[in-house]
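J.: For chain C, the structure is supplied; the task is to place chain E on it using the hints.
So you can see what is in the structure, the chains are spelled out below.
2 protein chains.
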Amino acid sequence: MERIETEVLFRNPWHTYRRDRVRRKDGSEGFYFYVDHPSSVAVIGAFRDGTVLVQRTFRYLLGEWLPQVVLGHTRPEEDQAEEARRELLEETGFLAGEVLHLGDFTPYSGVSNEVCHVFLARDLEERGARPEVTEEMEVFRLSRGEARAFLHSGPLLDGQSLSAWALYEAWLEGREEAPEGEEGR
Amino acid sequence: MERIETEVLFRNPWHTYRRDRVRRKDGSEGFYFYVDHPSSVAVIGAFRDGTVLVQRTFRYLLGEWLPQVVLGHTRPEEDQAEEARRELLEETGFLAGEVLHLGDFTPYSGVSNEVCHVFLARDLEERGARPEVTEEMEVFRLSRGEARAFLHSGPLLDGQSLSAWALYEAWLEGREEAPEGEEGR
Numbered sequence: 148m149e150r151i152e153t154e155v156l157f158r159n160p161w162h163t164y165r166r167d168r169v170r171r172k173d174g175s176e177g178f179y180f181y182v183d184h185p186s187s188v189a190v191i192g193a194f195r196d197g198t199v200l201v202q203r204t205f206r207y208l209l210g211e212w213l214p215q216v217v218l219g220h221t222r223p224e225e226d227q228a229e230e231a232r233r234e235l236l237e238e239t240g241f242l243a244g245e246v247l248h249l250g251d252f253t254p255y256s257g258v259s260n261e262v263c264h265v266f267l268a269r270d271l272e273e274r275g276a277r278p279e280v281t282e283e284m285e286v287f288r289l290s291r292g293e294a295r296a297f298l299h300s301g302p303l304l305d306g307q308s309l310s311a312w313a314l315y316e317a318w319l320e321g322r323e324e325a326p327e328g329e330e331g332r
Numbered sequence: 148m149e150r151i152e153t154e155v156l157f158r159n160p161w162h163t164y165r166r167d168r169v170r171r172k173d174g175s176e177g178f179y180f181y182v183d184h185p186s187s188v189a190v191i192g193a194f195r196d197g198t199v200l201v202q203r204t205f206r207y208l209l210g211e212w213l214p215q216v217v218l219g220h221t222r223p224e225e226d227q228a229e230e231a232r233r234e235l236l237e238e239t240g241f242l243a244g245e246v247l248h249l250g251d252f253t254p255y256s257g258v259s260n261e262v263c264h265v266f267l268a269r270d271l272e273e274r275g276a277r278p279e280v281t282e283e284m285e286v287f288r289l290s291r292g293e294a295r296a297f298l299h300s301g302p303l304l305d306g307q308s309l310s311a312w313a314l315y316e317a318w319l320e321g322r323e324e325a326p327e328g329e330e331g332r
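Those sequence lines, one after another, are chains C and E.
Reminder that position 40 of the first sequence reads as 187 in my numbering, one-by-one numbering, no gaps.
Reminder that position 168 of the second sequence reads as 315 in my numbering, one-by-one numbering, no gaps.
Hints were generated in silico from the structure; no laboratory data involved.
Among these hints, one or two may not hold up.
Remember, identical chains collapse to one label, so a pair may be satisfied in a single copy or spanning two.
[Claimed, not checked] With a Cα cut of at most 25 angstroms, we get these calculated SDA-like pairs of lysine to any residue:
#, residue 1, residue 2
1, K172, S290
2, K172, G292
3, K172, T198
4, K172, T153
5, K172, E152
6, K172, F205
7, K172, P160
8, K172, R295
9, K172, R195
10, K172, M284
If we strip away everything but chain C, and leave its shape as in the complex, we get (with noise of 0.2 angstroms):
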């Protein structure tokens, strides 16, 4: 499928709402209509004890409070390390000493074009919480096991968090994996 032309139609603070016109692999034309909203960040705040920092958030549009982690909107322009701290701090009121990044996903790539940066946050210091007036969240800090028991509590998952998640296990085995890896730091 190839872009023809894309046409906003209703752009928000948030992100832009546009209508693609495309031509598919058999040669027909169609639309595309998605949500424009090239980036944001995923963090896992790490103790060197092995705890880490999650949180349950209340979605407005599911009506639940979810099992998370820290999830935040960016701006391609931004170093989206930086932002990972900033949006740590805001949340669970502890800065990171040092931010990793683990790798990239998209979300929902059928109708967003978002790719989300997940980072790995060490070194945590705490400055006090900065909880947002528009978001509703409670921050606990588990155990590994606890947490990922916490992200597979439902009814409801989130997807954004599992999948951060499971980035951050794969990076964990690649570190039992390597002779030099020193667990927890």
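T.: Only chain E this time, still in chain C's reference frame:
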């Protein structure tokens, strides 16, 4: 945050784009823009020998081929298990004798009300692939370890597939812990 009223801004064959007028917790009013697209399925097709079906799908919005499991849009009033069976057949050519519900996640809870229902499909019988015209994909049958590595092969990963896979791994672990657990069927 509470809904005061909802307005349809755009409707297309795939979803509805809405603006809700809302009242925030602090009493102020605001708008919430989102994709109204209530349901979908993710399907992991698994064989008796432990191999699973995965695919590489071209995603127009990202301009990339992504490593995925079977994903498909559904309507809330449909039988989600039947839709999972149909999507698997359409995308891979395999008919499932049994589908098992593993859980539900929300892929993009800030901008879409979609809930993805995850299914494990077993007792697979080949009936020949029937890919849809608009889809560009390749299907692979891989060992479980290879499939996991495939879903983690970047640069860009697919969040919905990582989430579905996390539910599959949690289900597998539950079976291993159960004394009557019988691996692979």
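J.: Looking at the structure, which of the earlier hints fail to hold?
T.: 1, 2, 3, 8 and 9
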